[in-house]
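Asker: Listed below are the residues making up each chain.
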Amino acid sequence: MPWTLASEEENKLIKSILAKEPSRRSTLDLQLLANRIRRNVIEAVYLAASGHPGGPLGLADIYAVLYFKVLNFDVKNPLSDERDRHLLSNGHVCAVKYASMALAGFFPEEELATFRKLGSRLQGHPSTRYFPELENSSGSLGQGLSQATGLALGLRLRKKSNHVFVGLSDGECQEGMTWEAAMAAAHYQCDQLIAYVDWNNIQIDGYVNQVMDLGALDEKFRAFGWKVQVANGHDIEAIERAFLWARQEKGSPKVILFRTTLGKGVSFMENNPEWHGSPPKKEQRDKALAELYESFHQLWENYKGARHEISDGA
Amino acid sequence: MRVLQINFEKLGGEKKATRDGYGDALVELGAKYEKLVVLDADLSGSTKTNKFAKKFPERFFNFGVAEQNLVGQAAGLAMAGFTPFASSFAIFLTGRAWEIVRNTVVYPQLNVKLAATHAGITLGEDGASHQIIEDIALMRVIPGMKVVVPADYWQAYHAVEKVFLENGPVYLRLGRPAIPVVYPPQYEFCFGESELLKTGQDYLFVACGVMVYEALKAALLLEKQKNVSIAVLNMATIKPLDEEGLLEASQKAKAIFTFEEHSTYGGLGGAVSEFFAQKKPMPVYRFGLKDVFGQSGSADELMAYYRLKGEQLAEDIASLL
Ligand SMILES: Cc1ncc(C[n+]2csc(CCOP(=O)(O)OP(=O)(O)O)c2C)c(N)n1
Ligand SMILES: [Mg+2]
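For the record, the sequence lines run as chains A and B. Its first residue numbered 543, the first sequence is counted upward by one per residue in this note's numbering. Its first residue numbered 6, the second sequence is counted upward by one per residue in this note's numbering.
Next up, chain B with everything else stripped away, as it sits in the complex (with noise of 0.2 Å):
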């Protein structure tokens, strides 16, 4: 774990997607390592592979809407010795190709790298048929897989290089929306490492992807309403689990809160209470998806609706501390 001082007040103030932070990261590590490939399949404009497909043409390979053979594809380009990131939206890359990636990359450990954007009800308009809210749960309990799922922008673009250093598979979760920028531009990326945002000693607030921003709001909210100190930690690497960082960060805490943009079931929630259950027992409440499907409404309405937005959330708990 490792403790970052935030801007409180700025925050919120700069918007940005994480897809994007992908996309041009790309673009910057194509000319830095020549065994990096991308591969996509027919959504190169909406995962932000095109940037790269531009610049590095004869290293891009468009598999047109066979999300199957897309990762299939990628497990041979990584046997031949490259580094293959293969996108698509998080729904084909993790549902409808979950078998391949367990059977041909995972098992194998082929050194495979899947980025996929367009995660979790934020992606809107669409609605449920494209909002996976179960792809951490699906990628997590594959053994041997890693799972990011970067808060904002600047974590996901430096989290690109770190993700394509580490050796093996790794899944990437990337959003569609610009979401509040919470990191600045000059930050470095741990892989496995939390991040605590805010110190506190009552509560304990673990949270991934845009609703970090969201459990931020929801932790200085509470404590401006109730006499509470409450620490936030940002676990962009759901697995491995910093482990050794939920318990440095909960030593006086009461209740550990966890946030996602995903099932309540099976994602961060669950490996933060999977892990509590058997090292320190106490109450663990899930934030996110419960057990419901999303459905069409901009993102922004659809996070009210989920009652997902930080001052939600600070109403939500507060009868819970």
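Here chain A stands alone, though its shape is the one from the complex (with noise of 0.2 Å):
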């Protein structure tokens, strides 16, 4: 099936800021590389007729700047023991990470078509046993925090200063196991472990504070023996800085709490609990590609005007 997404102009776009060193990518090259996983989670969701739109795009800022700015790793060699290990816990937002793997050139993007079907290696919930470079399987909340500190730990006794990232969500910070991993993780001192949290108060039954009240999750970790940064999860330089943070101190775990908005980009999806885990109708799916588009084609203008880094950069 053709993905049939974008234009030949905005595959020549897309393609030169690829192209870039990852140092040299602007905030507005991540935020058009952030656009395209956007609606590339729309279609993707929007063709398993299944799946949770919500969560991806109110991560699709943060994914934009660890795949194409923080992380290290060689899509020709993807399981090289130099790479920086990125770990996804709450699964179900899998569809951000399949759509950023595909940009990044893990897999072609016309595969994000396949997502949730039968037979395919974009499983509903991250499986390595159909894809490895996944390095995580996921999709039981609360469970990426204690294999991503074990992991750290064993990086460190193999004497490998790799970073160990992983993402969680707030609704599972309500399992009991990830303040198990919390306390492990500080005891240990597991500087090379960056977790960071997608905080958009939302989990299936509604608003977190209402269902199930987490209270100051900043606090709570911080009394855990973390090193704690509150930053805005669609400010693509707070991102990067509090990134670059995590990666600097020493001494102990650090924890990022991105204030996130469930479902950004699409007007209606934005902080409302039911799309979570809904799939968009082909109107509403339509709609979506619509306004993302329009976004796209307003970041694209801004782009002409700074012109000379294109060819910079390519």
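Wrong hints could be hidden among the right ones.
To be verified - Away from chain A, derived, C-beta distances all over 10 Å, residues of chain B:
#, residue
1, Lys20
2, Leu48
3, Asn67
4, Ile96
Unchecked claim - Going by beta-carbon spacing under 7 Å, a handful of chain A positions derived as facing chain B:
#, residue
5, Leu589
6, Ser592
7, Leu660
8, Gly666
9, His667
10, Gly681
11, Ser682
12, Ser688
13, Asp747
14, Ala765
Read the hints as simulated data drawn from the structure, not as lab findings. Since we're looking at a predicted model, the values are computed, not measured. Just so you know, even glycine gets a beta-carbon here, dropped at the ideal spot from N, CA and C.
If you follow the hints, you should be able to join the two separate chains into one complex; please do so.
Answerer: Here is the structure:
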């Protein structure tokens, strides 16, 4: 099935951004990539006729920064021992990981059309049985922080200095195991561990503070012995700064609590718990893509204003 | 064992989910029994406890994404004299919370009902992480735990009250998708009693859950194709197992076949095999998930992929008769 989301002209633009050295990618570059990730998420979930659009849209900016600026990896040698590890604990948001990895060249974007379908390696929840490059299997909430901590301990034991990044959700901070892991990571002073939380205040049954209030998540992590930063999960530069901070801090595990908006970029999905796990219908998908295209073209206009950057990087 | 008349002509015409039978029954029973409380872990829309929550908000507790805590809280409410129904997806309720179920609920025989939805592969697209095919085994193996697996909406609906009235811990296994209705609306569920839905001499089919419909279909097909007569028994209560029913229904049978949307290890097939191995040794063929995980796909595609559809069962069984 052809992946018909983008014009030739757009594809050229995206290609030129992807050809740049990560360090030379601008904020605008990353915003354009985040927008492309969002459209891929909508299309994948729409074609699957099942799955979770809300979390992935809220995470797209963070993923754009991670995959196109922060993480060390080599798509040609994806399981190299030197790579940073990036684990996903709240597996239901995997559409954003798949969309980002496709854009980064791990597999063709067209393959996103097989998401959640029989025989696809893009399982409904991430499975390394089907796709080893995903780093970890998840879907059952609250288990990722333990895996990531253990991985960081193991890497340290092997005298490796790679960082282990792990994405969590606020909902899964209700699982006791998350805090068992938090205790252990601090106890063992795992400073190669960088956790980040999608703090969107939404879970399935509603708003987190109404279903089961997490209270001051920052204070909780601090009390467990972590270094904590709270950042705006839709401000590319703030996201970059937060990850840079996390890489540099030593002596204890770090967590970034990203304030995010579930459904970000699609007006009718934003901050609405109903979009946690329902696929858009045809009309909703069309409307979502139209809105995202519009934002893309606005960004593109800005981009043309700063033309010199393209020739510079490409 | 009871013999029930089923209208085979109408079979499969209407489809409803067993989880809806559960949700609808809870609302009715909430008005009837003050002692009924319902607990959930951030899945009340999916488990259908949200209907009860709307009507009886003071008797509904949502504990967020915390299934071990959910089961522990249910134990406490039972200690306070209530009859809690605790709900989540089967994978989390029986898997994540297993040891709490064993030590905090079943060991002290607290009156807690675990009503789990989205069991088995028919949960579909979410994939193997969510498709538990081990839960019947996990619950059945705990001393004193009872296990009920309704075959359709109406059996689920009527089972809820009997589960409520049954003293002690019970596991109720429910599914996600709309599946064929087998039972009439005015039907009485009797705890621990199997039901003969089709009489027959030569072979005995024993099934539970969505596989009751598929087993009936397979039996009817095989009878058309071959000169055999097949009995079909719905073993909705897997524990305690209706042993007398099994003996009665298998009097002249040359072999037994079991069908479940579960691993072929430790579930209904396991229970039936354990019984016949000792009481009346004969071949027991088990149909289900043959030591494999599920995967993403629609419920229908997955049923076909794992050869659990009536037509496929008939094909695969034909050579064994
Ligand atoms: C252990 C476990 N319990 C329950 C679920 C079902 N579940 C999937 S997502 C979710 C909501 C969690 O909230 P969050 O991750 O914050 O959701 P989002 O912000 O993406 O909407 C639940 C309860 C699960 N996957 N794992
Ligand atoms: Mg959330």
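Asker: None of the hints should be skipped; say for each whether it holds.
Answerer: Quick rundown of the hints versus the structure:
1. No beta-carbon of chain A is positioned within 10 Å of the beta-carbon of Lys20(B); the least distance is around 18 Å.
2. Against the 10 Å criterion, Leu48(B) falls within the reach of chain A, whose nearest CB is about 6 Å from its own CB.
3. Asn67(B), annotated as away from the interface, has a beta carbon of chain A within 10 Å; the closest lies near 6 Å.
4. With a minimum CB-CB distance of about 7 Å to chain A, Ile96(B) fails to clear the 10 Å threshold, and the non-interface call is violated.
5. Nearest Cβ of chain B to the Cβ of Leu589(A): about 12 Å, over the 7 Å cut. The hint is violated.
6. A distance limit of 7 Å between C-beta atoms decides the matter here; for Ser592(A) the minimum to chain B is near 4 Å, and the interface restraint holds.
7. Annotation: Leu660(A) was flagged as interfacial toward chain B, and the flag holds, the nearest CB pair being 3 Å apart, inside 7 Å.
8. At its closest, the beta carbon of Gly666(A) sits 4 Å from a beta carbon of chain B; the interface hint therefore holds under the 7 Å criterion.
9. Evaluation of the His667(A) hint against chain B yields a held restraint, the C-beta minimum of about 4 Å falling below 7 Å.
10. Annotation: Gly681(A) was flagged as interfacial toward chain B, and the flag holds, the nearest CB pair being 3 Å apart, inside 7 Å.
11. At its closest, the beta carbon of Ser682(A) sits 6 Å from a beta carbon of chain B; the interface hint therefore holds under the 7 Å criterion.
12. For Ser688(A), the interface hint is violated, since its Cβ never comes within 7 Å of a Cβ in chain B; the closest pair sits about 13 Å apart.
13. At about 5 Å, the closest approach between the beta carbon of Asp747(A) and any beta carbon in chain B falls short of 7 Å, and the interface hint on this residue holds.
14. Interface hint status for Ala765(A): violated, as the beta-carbon distance to the closest one in chain B is roughly 19 Å, over 7 Å.
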